[in-house]
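Here is what each chain is made of, one letter per residue.
There are 2 protein chains.
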Amino acid sequence: MDTLEKIKFDNFGLIPSIVQDFKTGEVLMLAWMNKESLRLTIKNQQAVYYSRSRKKLWFKGEESGHVQHIKAIYTDCDNDTILLKVEQVGGIACHTGRKSCFFQKLVGDNWESVAKVIKDPKQIYG
Amino acid sequence: MDTLEKIKFDNFGLIPSIVQDFKTGEVLMLAWMNKESLRLTIKNQQAVYYSRSRKKLWFKGEESGHVQHIKAIYTDCDNDTILLKVEQVGGIACHTGRKSCFFQKLVGDNWESVAKVIKDPKQIYG
Chain U
133 MDTLEKIKFD NFGLIPSIVQ DFKTGEVLML AWMNKESLRL TIKNQQAVYY SRSRKKLWFK
193 GEESGHVQHI KAIYTDCDND TILLKVEQVG GIACHTGRKS CFFQKLVGDN WESVAKVIKD
253 PKQIYG
Chain D
133 MDTLEKIKFD NFGLIPSIVQ DFKTGEVLML AWMNKESLRL TIKNQQAVYY SRSRKKLWFK
193 GEESGHVQHI KAIYTDCDND TILLKVEQVG GIACHTGRKS CFFQKLVGDN WESVAKVIKD
253 PKQIYG
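If you're matching them up, the sequences are chains U and D in order. Using the working numbering, the first residue of the first sequence is number 133, and each one after it goes up by one. Using the working numbering, the first residue of the second sequence is number 133, and each one after it goes up by one.
Mixed in with the good hints there might be a few duds.
Copies of the same chain are indistinguishable here, so a pair counts whether it falls within one copy or spans any two.
To be verified - Pairs of lysine to aspartate or glutamate residues, derived as EDC-like cross-links and limited to a Cα-Cα distance of at most 20 Å, are as follows: (1) LYS251 <-> GLU168; (2) LYS248 <-> ASP210; (3) LYS237 <-> GLU158; (4) LYS231 <-> ASP252.
Think of the hints as simulated: they come from the structure by calculation, not from any bench.
All chains, please: the whole structure from these sequences, using the hints.
Dropping the structure here:
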């Protein structure tokens with residue numbers, strides 16, 4: 133796909149992807165994509181990442197049901213970062229059961245958890 | 133600083149930092165930080181990154197005047213990504229003179245430029 137030609141993947145073949153709620157603008161997570169996952173994300177209009185820990189494609193929501201429908205895809209001035217605007221099914225992007233992965237806020241010298249767990253991960257992942 | 137102990141930098145000593153407009157929620161850019169730049173960002177309450185191309189600290193806005201005042205700092209569930217909410221001085225984060233670096237939107241098979249240049253980079257950088 134010519135669309136992907138200008139996109140710059142790093143030395144590991146990966147590109148960081150920022151994921152944002154298309155309605156509220158809340159940043160939900162940052163995940164990594166390889167060329168194949170970006171191609172599939174565009175094709176399926178549903179987020180597919182590359183799991184660096186599991187070393188394989190990660191079809192977001194495969195287990196949890198918390199899939200992300202693509203509303204828009206952007207790249208930046210250097211073509212080395214992706215921004216996805218998504219509809220987050222279930223309202224939970226994080227494996228901790230929170231809406232966003234960015235729930236730890238720096239308050240003074242401490243990282244405080246500032247977002248509630250919407251659903252117990254044990255219930256999400258069975 | 134104990135605050136930085138739990139933060140996980142990659143094998144190159146870097147961590148990706150998402151930068152978001154604290155008022156509108158618009159994602160402005162993604163930049164990289166090393167430990168020193170994160171420490172200085174917290175201390176100065178102004179964004180300091182690490183330039184991978186120039187291989188040195190990058191005091192954002194040093195040349196352009198487009199500094200970023202820190203409104204909030206978050207880390208994610210894995211402690212391997214930073215999210216900054218900032219006040220973008222001059223309303224321009226991108227070196228192309230646009231507000232956000234994410235001005236290329238995928239429309240069909242093409243990346244279309246969907247944001248206007250607010251200020252000519254020649255005027256910004258002299």
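Evaluated hints:
no. : hint              : in the structure
1   : LYS251 <-> GLU168 : neither (31 Å within a copy, 37 Å between copies)
2   : LYS248 <-> ASP210 : between (36 Å within a copy, 17 Å between copies)
3   : LYS237 <-> GLU158 : both (14 Å within a copy, 19 Å between copies)
4   : LYS231 <-> ASP252 : within (12 Å within a copy, 39 Å between copies)
The structure shown violates just one earlier hint, number 1.
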